[in-house]
Structures are given as structure tokens and as C-alpha cells.
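Asks: Chains A and B supply the protein sequences, listed in that same order. Going by this note's numbering, the first residue of the first sequence is number 1, and it counts up by one from there. Going by this note's numbering, the first residue of the second sequence is number 283, and it counts up by one from there.
By construction, these hints were calculated from the structure, which means they are not laboratory data. Incorrect hints may have been included.
[Claimed, not checked] With a cut-off of at most 30 Å between alpha-carbon atoms, the simulated DSSO-like pairs for lysine-lysine come out as follows: (1) B:Lys-383 with A:Lys-192; (2) A:Lys-203 with A:Lys-192; (3) B:Lys-459 with B:Lys-383; (4) A:Lys-177 with B:Lys-459; (5) A:Lys-177 with A:Lys-203; (6) B:Lys-383 with A:Lys-203; (7) A:Lys-203 with B:Lys-459; (8) A:Lys-177 with A:Lys-192.
[Unchecked claim] Short derived list, chain B residues pointing at chain A, Cβ under 10 Å: (9) Leu-334; (10) Pro-354; (11) Gly-358; (12) Leu-359; (13) Gln-364; (14) Asn-365; (15) Ala-385; (16) Leu-438; (17) Gly-498.
Note that this is a predicted model, so its numbers are computed, not measured. All residues carry an ideal CB built from backbone N, CA and C; glycine is no exception.
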Amino acid sequence: MMRGRALPYLLVAPAFVFLAVLFCVPLVQTIALAFQTGTGFGLGNFVQMAEDLNFNDAVVNTFRLVGVAVPLQMLAALGMAVMLGHLRAGRDLVLWIWTIPLGLSDLAAGLVWLALLNDQGYLNTVLFHLGIINGPESWLTYETPMALFAAIVIAEIWRSTAIVMVVLVAGLQLVPKEYAEAASVFGASPWKIFLRVTLPLLKPSIQSALILRTVLAFEAFAVVLAIGGRNFPVLVSEAYTWQHFNQAPAIAAAYAVVVMGISLAATVVYLRVLRTPAAQRA
Amino acid sequence: MAGIVIDGISKAFGNTVALAALDLAVADREFVALLGPSGCGKTTLLRIIAGLETATTGRVLIGGRDVTNLPPRARGLAMVFQNYAVFPHLRVCDNIAFGLKMARAERTRIDRQVARTAELLQLAPYLDRYPAQLSGGQRQRVAVARALAVEPALLLMDEPLSNLDALLRLDMRAELKDVLREAGTTTIYVTHDQTEAMALADRIAVLHGGRIEQIGSPSAIYHSPATRFVGSFVGSPPMNFLRADAGRLMGIRPEDIDLVDAGAGLPFRVSVVEPLGAQTLLTGTTDGQVVRVALPGEHVIAAGATLFLRPRPDRIRWMDAATGNALAQAAG
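Model the full structure from these sequences, guided by the hints.
Replies: This is the structure we're talking about:
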């Protein structure tokens, strides 16, 4: 009997220990480090972080990236998921091709887009041969901030829209097709069906996808670094810089705490704004 | 309000023929039930009429207008789905108003229709609730109210009572008949339940293997089945078919058989007795063939007994044993 009762806890124990040792302890240590000053605890690291030249740019760039990339990704993923639902043949093949970027590491994806877009890249070559440009053009420098930003957004969208799509495809499969059929019988056009029926019923999946994607976008790093280098500082790349170039782990920890705070806040906002009351669930 | 014409509708899924060049005319304000076992094509036909499925050949006319190539929303009909398909994210009132809102009806008309249909289907106290807060029977009523609110030219119903438990189904059946009579809407009603079809319909079309076996009033379908299939599908227990002379089958309903004195009829050995209250059902054999007899409930009979049966001559339905089709009925 004792063994029977203890068994569930024994089975959970490895995961619990894993999380405690490799997640909770480092988390507490990082938070402690962020608030540690020479004389004790305080906000000194945060003040120093905020006074740095790159801090404002990092905050603005991070929010710009999230603000532009995430909505575009949501729209693209919704469109892709709905299109996939209308395919009769070849659905699995299309889904498989669309999810290829998921298998690539962030850094590899960044380097692929760097190879495409830098001054000796494919895009330059093609435009040159078409006679549109007269010689190699650099778009990924501090002198071309809009082009640089656009390149990073495109790479981010290319790399991580598939994860949003996968969540939405799974969500769409949970919505019985009778609802769309009923709506069409009662006079709704395809667009109205999408707006009034599919979208509201997909809300729980949209919520999950948004939380997942937004939190990851606030942590964008490797793609940004590969394409923009120091020309496009974001919060996490600044943490990296402080840790490895400036040898100031406490400042890096402060950045980490800020990123965590922003991610938590975004999650809470999504949980509240996109809540589906129990009574409205199918 | 409108009459419907189904003109040579056929439907093939790959090599499987679901519907074979089917013709059916439904008069304005008429209630027609499509009755048949699962896989007979009745739901496919309903979905073709609704526009949710495309026919391989043929035309659908609603009120004289060819709607074959129109999307569902342009056909001016309403439908009640088997599992209701009441929108879970909308309150009852918004569900009922859905069709009118899509048609951009005036606010006053929407309010009036929601109030009227909610009253009709006893949903007035629940207008602000969500479907998940209702019972199965109430959700069913919302589905019917949503359909009636648009005052459709044609109402399609796909096994609307099959998800309800037996007692509720009886209640809802009577209620539905009352409500639909009042609304006077042309209705096509799909069911596999022959008592439901008998109870509700002006006419029943019995479907089998993608064809209409017989179409007629409930009484004609019941008493004068056109084929052996109809006789055995409609009625519970089904019609008996006994081998007779010259390749003929004698069709006789279990309740159209009388007990007679020893020697005056066919000997019948009872194997099972089922006292159902109103009726007593006997199963046994006559001349090596299984026969079912339904007697008034007051009879007390023991299994193993031998009785003598006489079919009522005016109720016998002669069939061709080879084709299963009814023969020209000669007396006796």
C-alpha cells in the first residue's frame, strides 16, 4: 500500500529534482546577483544598466521587433493554418515543408539570411545582374537602420512562424466543422465565418501561440546577432555583451531579470485579455 | 415558403454511388421525412439540398429557383444539425439572432424574431446564457429556434432528436410537431427512426442504397409497402414475409394476425413471449419459417405452446419473392 501511494511522487521526483537544480536554483542566483551591490543589496546594477548608452536602443529595438514580427507572424500563421485546412491532397507534405525552419538552430537561420542579404549575398548578385543596382550595396549597417530592421524581422518571421502555425493547426483541428457549416447555412460568407466563428473558437489556441511566440521574441538573440551584430542591440544581446565582453555578470543578470519581468507581464496580459470563460467553451 | 424539386440528383464518392439519379418533389408547407438505414444516402441528399455537398449530376430547385450552383448562404434555407452545432461562444439570444444578423436584418425585426421564437421554444429564461450552461434538450431547442428565427423558405433537419435520451425524444417530438405546424415551413427531415418519421411527416420517402424505395403517406408506407425492404424496415416488429405458392411472398404485419381455434389456421409454435404491456409479442415458427405476432396485452401465453394463426385477408401484402417488389394485389 505504501509503495502504491508513494509511486506517483517517485515518478515525479526526477523531473522535480531536474527543475529545482537546473532551473530554480540558477533563477534565484540570477535574481540575487542582479540585486547584489558591493555593500549589500540594492538597485545599483539596474541604474548602471539603464545609464549605459545602448540600453535605450536595446529596449526600443526589442519592443519594435516584438511589436512588428509577432503580429505579422500571427497573421501569416493564421493564413497558413486555414489554407492547410482547405487542402485535400498533399496536406502533410505542405505542413512538413512549412515546418522545416523549426529544425534549424537560430544561429544557422541568421547566417542563412546573412548570406542572402549581405553586400556579397545572393540578393545583391541577382539585383546586379538584373541591372537594378550598379555594384554591391550594404543594407545591414548602422547607416541603413530601416533595411537592417526589415532584414531581422524577415529572418525572425521565416524562422519561427512555423511554431505558431503548428499550434494553430492543432487548434483548428479541435473545432468541429459543423460550426462553419452552420454559419454558412445561416448566411455567413467565408470571411464572416472566419471572423465570427473560426477566430473566436480558435481563441484558446491563439492565446497559447501568442504567449509562446511573444516570450521567445523578447528573448531574440542569435538571429539578431548574426544579421545585425552590434548595430542592432536588443536586451538579450546586451546581456551577452555585458557578460562576455565587459565581464560584468551582475549587469547581465539585471538584463536577464528585466527580460523575465517583461515576458511575465506579457503572459499575464495575454492570459487576461484572451481569456475564454468556462461557459463559452465548446 | 416554397416547394422543392430534386431533379435527377446523383452523387458518387469515387466508385461508390451514394445517390443514384434521385427525383423528389416536396410541396409548399409540406413535411417530408427521408427515412432509411445508415449509409442509405439520406444525409448526403440533405447536405446536397443545403449546398454543403455538391451533387455529381442533377439540379435542386427551391421555390422554382435553380440553386444547384449557389453556396449555402444564398439558398434561403435553415438547418438543424444532428449535434446541434449551436455556437458555444455566443449567448442563446445571439445564436438565435445569428441568421438575421448575417442577413443584416433591422434591429427591430431581430428583436421581435428572437423574442417570438424564444417564446415558442420556451427559451425566454435562458436568452443570456451560453450553450454550455444548458441541457441537451435546451440546446436542441436553441438549434430549432435559430432555424425558425430566419423564417426560412425551407427547413432541413438532420436527425435532430437522435442525441436526446428516449423520454426527452418523445417530448421533443411532440413539441417539434406542434411548433412546425404553427410555423408552416416546408421541411425535409432526415431520420433512421421509423416511429419519428411516422409521427411527424406528411409524407415519408424511404431510401435504400441511394434510391427512393417508396414515397407516400405514413399510412401507405406502413400498410402498403412497395417493396420487401420497406415492409421490413418500417414497423417494429417488422412485417412478416412467408413463402407462399408460385414464387410469391405473403407480407403480413404482426398485429394483423388473429388467433383462431385449433385446426382453423396455421399451426404456430411459440418460442419467445415478450409481454410489453400494451402488446404481447410472440416469436415462433410456422411451417419452419419465423413469424412474429403482436397480440393485445391481455393475452397470457406460455413459451412452447402451439397456437393457430389466421392472417387478416384484407391486410395481406403479396410480394414477388425474386424481386422483393409488391405484386398487383388480388384479393386473398
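Asks: Identify every previously stated hint that the structure contradicts and give their numbers, smallest first.
Replies: 7, 17
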